[in-house]
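Those protein sequences? They're chains A and B, same order as listed. If you read the first sequence in my numbering, its first letter stands for residue 92, the second for the next number, and so on. If you read the second sequence in my numbering, its first letter stands for residue 92, the second for the next number, and so on.
Accuracy of the hints is not assured; some may be wrong.
Pairs involving identical chains hold if they fit within one copy or between any two copies, as the list cannot separate such chains.
Once the Cα atoms are required to be at most 25 Å apart in a straight line, the calculated SDA-like pairs of lysine to any residue come out as [claimed, not checked]: (1) Lys-302 <-> Glu-108; (2) Lys-302 <-> Met-185; (3) Lys-302 <-> Gly-226; (4) Lys-302 <-> Arg-104; (5) Lys-110 <-> Met-92; (6) Lys-110 <-> Leu-249; (7) Lys-302 <-> Glu-124; (8) Lys-302 <-> Phe-120; (9) Lys-110 <-> Asp-183; (10) Lys-302 <-> Glu-119; (11) Lys-110 <-> Arg-235; (12) Lys-110 <-> Gly-138; (13) Lys-110 <-> Gly-184; (14) Lys-110 <-> Ser-250; (15) Lys-110 <-> Glu-96; (16) Lys-302 <-> Ala-254; (17) Lys-110 <-> Leu-93; (18) Lys-110 <-> Ser-246; (19) Lys-110 <-> Phe-120.
Because the hints were derived from the structure by calculation, they are not lab data.
What follows is each chain in one-letter form.
There are 2 protein chains.
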Amino acid sequence: MLSRERQARIGERLDREGKVVAQDLADEFAVSEDTIRRDLREMAAQGLCERVYGGALARPPALRHESFAQRRDREPRRKSDLARKAASFLEDGMTVFIDAGSTNIALAAQLPPERRLTLLTHCPAAAMAVTPCTGHAVHLIGGRYSAETGACLGSQTLSEIEALRPDLLVLGACGIDPRAGVTAFDPEDAAVKRCLGTRARSVMVLATADKLGTAAPFAVLEAGAVNRLVTDTAAGDAGLEAFRELGIEIIAAGSGDA
Amino acid sequence: MLSRERQARIGERLDREGKVVAQDLADEFAVSEDTIRRDLREMAAQGLCERVYGGALARPPALRHESFAQRRDREPRRKSDLARKAASFLEDGMTVFIDAGSTNIALAAQLPPERRLTLLTHCPAAAMAVTPCTGHAVHLIGGRYSAETGACLGSQTLSEIEALRPDLLVLGACGIDPRAGVTAFDPEDAAVKRCLGTRARSVMVLATADKLGTAAPFAVLEAGAVNRLVTDTAAGDAGLEAFRELGIEIIAAGSGDA
DNA sequence: CCGAATCATGCATAAACAGGCAAGTCTTCA
DNA sequence: TGAAGACTTGCCTGTTTATGCATGATTCGG
Chain A
92 MLSRERQARI GERLDREGKV VAQDLADEFA VSEDTIRRDL REMAAQGLCE RVYGGALARP
152 PALRHESFAQ RRDREPRRKS DLARKAASFL EDGMTVFIDA GSTNIALAAQ LPPERRLTLL
212 THCPAAAMAV TPCTGHAVHL IGGRYSAETG ACLGSQTLSE IEALRPDLLV LGACGIDPRA
272 GVTAFDPEDA AVKRCLGTRA RSVMVLATAD KLGTAAPFAV LEAGAVNRLV TDTAAGDAGL
332 EAFRELGIEI IAAGSGDA
Chain B
92 MLSRERQARI GERLDREGKV VAQDLADEFA VSEDTIRRDL REMAAQGLCE RVYGGALARP
152 PALRHESFAQ RRDREPRRKS DLARKAASFL EDGMTVFIDA GSTNIALAAQ LPPERRLTLL
212 THCPAAAMAV TPCTGHAVHL IGGRYSAETG ACLGSQTLSE IEALRPDLLV LGACGIDPRA
272 GVTAFDPEDA AVKRCLGTRA RSVMVLATAD KLGTAAPFAV LEAGAVNRLV TDTAAGDAGL
332 EAFRELGIEI IAAGSGDA
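The task is simple: from the sequences and hints, build the whole structure.
Right under this line is the structure:
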């Protein structure tokens, strides 16, 4: 039994019964409670359940919408690691624009509570994922909501963004390549990202290793406009060199800790 | 039985019966009264109930400071019934503003797919709840996101709303009373609702029966400004007469089907 | 004002917990 | 084929949490 498979089963059971008990799960899957605890901790970090003493509770149905993107995700672990690493670069008092996308939602969910940030986003799921009572101010940019991308797009969104001047843009990339730069699958999404890129003082891109060296059809930014690239080192160290030569600071998540 | 689960059950029972007795609970859950007392103390500290000698009382809805997330999934059945009834009044081509609140999110989730609506909302969860691929256009109003109310509030939100002219406003009420009118718990939420009321051509209020005849601290609309009131008939038929006299059309959900 | 019930608090115990460590498995690359 | 590295898992450590019981203090009803 693969750990992901086990987690999927736990998720099903949460849906069905509303709660799970660590001990029962350990029994059922014939693994130690430690392993189950690790699973539950991981699932909770992705917003798939609420961790409680002794087990976990299903998140109320309405809250689950927040994680729809992550739920579909095949590699939540990697994204969560990326997000955690990215979070460590957010400094107290910063104004940070959080782009749409599952990795960014994961980032919103694990913002450092001890810092006080002003967060801007056009992604409702990200706004809702920010843990309440943490002192972060969240400003949501409106517009036509696109269920496909999980973000607000269109002219209204663009014109609102033009009034902003964030210290940092945390950009999710569909593809990033030294020559093609940052690219996206959706033209409107790309337009918003492009607009964001012109407004922010600094740009940090989050991209899992499989996106390095790939290009989607719609251009967002020149690679040179990116200041930092957070990725998982697992693969493609060779490819990273080209980014470094463009003056991009490479942040390795996964092996190094936050 | 997980301790958090126990507390949730106690909460449900408070909702249902209005009070709980420590001894009964200890019996029911097979724990000591001390444990129940600890639960009740904790719940009271979160404002979920009022501690009294021998047990606890449900706080009137107007006094609960439950987080939005907690409030959201109370009595999903009733809310869903209300929402379904409300949905039957939405006509093809209408521009509908959907207010924040759990009942409204339920409405967004079960909009009639065969009709094509333009939906406006300042509630991200509602926008995300609209089933994709149904042909409804969703426009999300931005602003400062308040985790407490689950909606965008503040001046930005207000000024965006002023540019709108929806055919129908579906308003969630924290309290509705023939004399006090529609009221809300949060001043900013009330300000947004008030603004909405001035823009819409028609106003439909969704309110579970427990909110009828109650008033929260902040005024939203005169009762006379409401065109339709969707509620569950379960209780307070006497109270309904006063609304009818104000020219409000009363829609009963629950008994009658959609 | 009295007895009984209820309560808050401190303590002891057992369970659950996070984090670190090491053994085993799998993949990757030479 | 074999070595290196990532991942998973179980176990160990000390810490935290939930619970029941004992002890006085408080509250209630008469």
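Cross-check of the supplied hints:
no.	hint	verdict
1	Lys-302 <-> Glu-108	within (16 Å within a copy, 31 Å between copies)
2	Lys-302 <-> Met-185	neither (28 Å within a copy, 42 Å between copies)
3	Lys-302 <-> Gly-226	neither (33 Å within a copy, 31 Å between copies)
4	Lys-302 <-> Arg-104	within (18 Å within a copy, 35 Å between copies)
5	Lys-110 <-> Met-92	both (22 Å within a copy, 10 Å between copies)
6	Lys-110 <-> Leu-249	neither (40 Å within a copy, 40 Å between copies)
7	Lys-302 <-> Glu-124	neither (33 Å within a copy, 45 Å between copies)
8	Lys-302 <-> Phe-120	neither (31 Å within a copy, 47 Å between copies)
9	Lys-110 <-> Asp-183	neither (37 Å within a copy, 40 Å between copies)
10	Lys-302 <-> Glu-119	neither (30 Å within a copy, 45 Å between copies)
11	Lys-110 <-> Arg-235	neither (36 Å within a copy, 33 Å between copies)
12	Lys-110 <-> Gly-138	both (14 Å within a copy, 24 Å between copies)
13	Lys-110 <-> Gly-184	neither (38 Å within a copy, 42 Å between copies)
14	Lys-110 <-> Ser-250	neither (43 Å within a copy, 43 Å between copies)
15	Lys-110 <-> Glu-96	both (18 Å within a copy, 8 Å between copies)
16	Lys-302 <-> Ala-254	neither (31 Å within a copy, 41 Å between copies)
17	Lys-110 <-> Leu-93	both (22 Å within a copy, 9 Å between copies)
18	Lys-110 <-> Ser-246	neither (40 Å within a copy, 41 Å between copies)
19	Lys-110 <-> Phe-120	both (16 Å within a copy, 17 Å between copies)
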